[in-house]
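*Asks:* Construct all of the structure, not just a fragment, from the sequences and the given hints.
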Amino acid sequence: MSLAATGALLGMIAGTGLVIVVVRSPRARRIRYADRVEPYLRDNPAPSRLLDERTVRERRRAGRAAPTPLAAVEALARPFLTDAARRLDRFLGGRAGLARRLTQAGGRTSVEEFRAQQVIWAVVGGLVGALLLVLRATVGIGPPPAVGVALIVAGVAGGVVAREWRLTRSIGEREDRMLMEFPTVAELLALAVTAGESPVGALERVARLTHGELGHELRLALADARAGATLVQALEGIANRTTLTSLARFVDGMAVAIERGTPLADVLRAQAVDVREAGRRQLLEAGGRKEIAMMVPVVFLVLPTTVIFAFYPALVSFTFFAQ
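Per the numbering used here, the sequence shown starts with residue 171, numbered consecutively.
Since the hints were made in silico from the structure, they are not lab data.
Keep in mind that a hint or two might mislead.
[Stated by the list, open to error] Restricting the straight-line Cα-Cα distance to at most 25 Å, the calculated cross-link-like pairs of lysine to any residue (SDA-like) are:
1) K460 <-> L473
2) K460 <-> R344
3) K460 <-> P483
4) K460 <-> T338
5) K460 <-> L414
6) K460 <-> M350
[As the list claims (entries may be wrong)] Using C-beta positions, here's what the derived DEER-type ranges look like:
7) T176 <-> V486: 53 to 59 Å
8) P315 <-> S280: 35 to 41 Å
9) D253 <-> T176: 27 to 33 Å
C-beta atoms are modelled at their ideal positions from N, C-alpha and C, and glycine is treated no differently.
*Replies:* Dropping the structure here:
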């Protein structure tokens, strides 16, 4: 490494350290509104954590556990990651739409956690471009500096977009699993109501018997109903948490039957038949798409290989006799 490259690298490290010190200093760090208001809204003063028996036990347990370097790095990086996630959320916007998509993906990740994951993916993408610049500075192999900087920016943007794409894939995979479970759940609901169960009892029985994504949605609907919402509102919540048209139509049919007093068993049996037909049509459509996808390796891999094996000996023979 040349002296200029060494000086540039050391200067970049020192500058980054100074920026971190200035940004995280008490004068530059902005106090959150919740922290300013909390002392005036607290009913009782917070006791000392040194006197809390639970905290003492946790500290003793943590003291017996071997500390890992990764935990220290996580504790140091958490404030910067939180600030970066908040700034990224303010820059990208669309918080309500993102919360709805996270709910469609299962609701196991909050908006803040998702933004933090986007920051991590962006850092990883930027490090790939920075690695090329380091190779250029140390070994002399790699793209020019301008192209390297562009690659860093592209890696950061690509990391953010890649996390969004992964979320979209997660939503699609979850909805595919729900579609696979949907006919069975519809049949079980129809059988339970036909056997004399009430709508809530049928939902409880089916939610207890199923363990997939659709069963999780039924348990959420039952939790909403127990929390004070009507059964119709709880069922509409299932339709709002997914983009599946067939599931939304099934839930709307149940809600209308409950509201108007229509015999629910007949409605559920008819809905179950429709769900079976929709599942059969979906399988046929998926089979047609797979058949077309299967032609790609045949046309672009198997057929050219066969042609080469068929004509190459003849081509070699013609070349030999021509010479």
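*Asks:* With reference to the structure, classify each hint as holding or not holding.
*Replies:* Quick rundown of the hints versus the structure:
1. K460 <-> L473: Given pair K460, L473 holds - Cα atoms ~19 Å apart, limit 25 Å.
2. K460 <-> R344: Judged against 25 Å, a Cα distance of about 20 Å means the pair holds.
3. K460 <-> P483: Given that 25 Å is the threshold and the Cα spacing comes to 35 Å, the pair is violated.
4. K460 <-> T338: holds (21 Å)
5. K460 <-> L414: holds (22 Å)
6. K460 <-> M350: holds (17 Å)
7. T176 <-> V486: 53 to 59 Å: Roughly 58 Å apart at Cβ, these two residues keep to the hinted range, so it holds.
8. P315 <-> S280: 35 to 41 Å: holds (39 Å)
9. D253 <-> T176: 27 to 33 Å: For T176 against D253, whose Cβ atoms are near 31 Å apart, the range 27 to 33 Å holds.
Hint violations for this structure: number 3 only, all remaining hints satisfied.
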